[in-house]
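Sequences are here, hints too, so could you generate the full structure?
Going down the list, the protein sequences come from chains A and B.
Going by our numbering, the first residue of the first sequence is number 4, and it counts up by one from there.
Going by our numbering, the first residue of the second sequence is number 271, and it counts up by one from there.
Since the hints were derived computationally from the structure, they do not count as laboratory data.
It should be emphasised that the depicted structure is a prediction, and the values quoted were computed from it without experimental measurement.
Glycine included, every Cβ here is placed at the ideal spot set by N, Cα and C.
One or more hints might be untrue.
Said to hold, decoys possible - Quick look at which bits of chain B chain A covers, simulated, 3 or more residues with Cβ under 8 Å:
| no. | segment |
| --- | --- |
| 1 | 326 to 336 |
| 2 | 386 to 400 |
| 3 | 406 to 420 |
| 4 | 457 to 466 |
| 5 | 503 to 514 |
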Amino acid sequence: MPIFFENRDIVAPGDLLAEGEYIAGSNTYKEGNRIYASRLGLVDYEEKRVSVVALNAFYVPSVGDLVIGKVTEVNINGWVIDINAPYSALLRAFDVIPKFKPQKNDLSKVFDIGDMILARVIAYDRTRDPILTVREPELGKITRGQIVKITPTKVPRLIGRRGSMINMLKRETGCKITVGQNGLILIECKGPEEERLVSMAIYKIEQEAHTSGLTDRVVEMIRKEKERMIKNEK
Amino acid sequence: MKNEKRELIDKDGLRVDGRKKDELRPIKIMVGVLSNADGSAYIEQGKNKIIAAVYGPREVHPRHLALPDRAILRCRYHMAPFSVEERKSPAPSRRELELSKVIREALEPTVFLEQYPRTAIDLFIEVLQADGGTRCAGITIGSLALADAGIPMRDLVVACAAGKVDGQIVLDLNDIEDKEGEADVPVAMMPNLNLITLLQMDGLLTPEEFEEALNLSIEGCRRIYALQKKALKEKYISIREEVET
Chain A
4 MPIFFENRDI VAPGDLLAEG EYIAGSNTYK EGNRIYASRL GLVDYEEKRV SVVALNAFYV
64 PSVGDLVIGK VTEVNINGWV IDINAPYSAL LRAFDVIPKF KPQKNDLSKV FDIGDMILAR
124 VIAYDRTRDP ILTVREPELG KITRGQIVKI TPTKVPRLIG RRGSMINMLK RETGCKITVG
184 QNGLILIECK GPEEERLVSM AIYKIEQEAH TSGLTDRVVE MIRKEKERMI KNEK
Chain B
271 MKNEKRELID KDGLRVDGRK KDELRPIKIM VGVLSNADGS AYIEQGKNKI IAAVYGPREV
331 HPRHLALPDR AILRCRYHMA PFSVEERKSP APSRRELELS KVIREALEPT VFLEQYPRTA
391 IDLFIEVLQA DGGTRCAGIT IGSLALADAG IPMRDLVVAC AAGKVDGQIV LDLNDIEDKE
451 GEADVPVAMM PNLNLITLLQ MDGLLTPEEF EEALNLSIEG CRRIYALQKK ALKEKYISIR
511 EEVET
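Here it is as structure tokens:
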């Protein structure tokens with residue numbers, strides 16, 4: 004039962020990854036007893052399971068995900084939200100206003116076109132558009148901070164193993180970082196300088212997501228930048 | 271009339287641009303050249319210069335085109351007005367519409383369209399400079415742009431043509447050979463799965479000549495495939511080498 008690559012090798016769609024009694028994991032497919040890659044990414048052999056960690060992909064909604072979206076339409080009984088996915092999401096008015104009456108409430112006063120909101124996916128299957136909720140503390144309209152956008156497949160890398168990367172970022176910069184599973188990230192800091200620093204670090208993580216020893220390099224970069232900032236103040 | 275025709279293969283067996291019969295034109299491929307597109311690719315094959323961009327999967331507009339059970343792949347092949355010697359009208363011609371369809375059908379079998387129902391994947395192929403064999407080059411980078419956009423695919427698709435010039439079977443025709451030669455056989459294939467997704471023939475060939483041309487095209491496809499795959503991985507490998515050393 005041969006395998007044709009080493010762990011963390013970069014593979015292209017159509018590359019033959021393994022032959023024999025293997026299980027096809029994410030971003031792969033099975034043809035007879037052969038497993039091929041279906042996306043560009045890093046191959047991962049884990050016992051009998053062969054999968055590919057994609058380097059670039061789009062966001063596919065999944066129930067329970069925290070997402071950041073933009074209001075694109077205000078309808079009679081809800082809003083249409085762009086969540087950076089192939090399907091636009093719906094937020095129902097009942098979800099926000101408990102005793103909602105279409106004749107009485109003006110929905111554009113609650114969320115207007117162009118507003119950014121933090122929400123959670125509560126329902127989605129491929130036959131219907133995803134439905135969002137904001138009925139949780141912290142969810143709802145975003146009023147301050149900065150939003151950066153990365154490839155959704157790199158969100159797990161940004162969070163790191165058991166949150167190691169994201170916790171390091173928060174600790175080093177003292178900022179509040181909210182990661183949407185759809186690749187949009189909200190950064191709230193004391194000043195614009197820190198926000199710039201965090202977004203720089205996030206872009207670096209996105210760029211170099213497929214390399215090893217990344218956490219250390221990011222720490223180093225942040226510390227250097229901070230020193231520079233202190234020097235500039237003087 | 272026949273005497274006026276120029277010689278396309280000289281005494282030494284070299285073609286009008288100095289290539290041997292089974293030699294490809296020089297090829298340069300780049301991936302991820304457009305930042306606004308979800309995926310993109312660019313190729314220079316001889317004097318051909320072609321760019322491809324992919325958007326999606328995204329919502330289908332107009333709505334009635336959406337399919338409930340799978341995504342639709344939309345393809346637009348277009349030649350820039352300055353891509354040929356005499357200005358070409360920018361309006362899509364009959365030929366461009368046909369090539370759009372042919373390219374779409376060459377790429378459709380590779381994409382897992384059924385995974386994303388009710389969406390559209392848009393592929394734009396823009397020919398900046400044309401010198402024969404643009405449909406093949408378009409398919410080659412079209413599949414690269416799809417892969418760059420992170421769209422799940424069975425395999426990359428690579429295309430190459432062979433043809434008959436001055437009574438001989440040659441690989442990768444350029445514009446002069448295409449227009450003045452006797453026949454042209456473009457082939458697109460999925461190299462790992464060994465499946466052909468496009469096979470056309472323009473001109474007259476005997477069954478033996480056809481088979482020879484087909485085999486030569488497939489050989490050309492395999493050579494381009496190596497370049498294609500290298501270009502796709504290049505972006506990430508260079509970053510990795512840079513930071514890990």
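>> For each hint given before, does the structure comply? Return the numbers of the non-compliant ones in rising order.
In response: Checked against the structure, no hint fails, so every one of them is satisfied.
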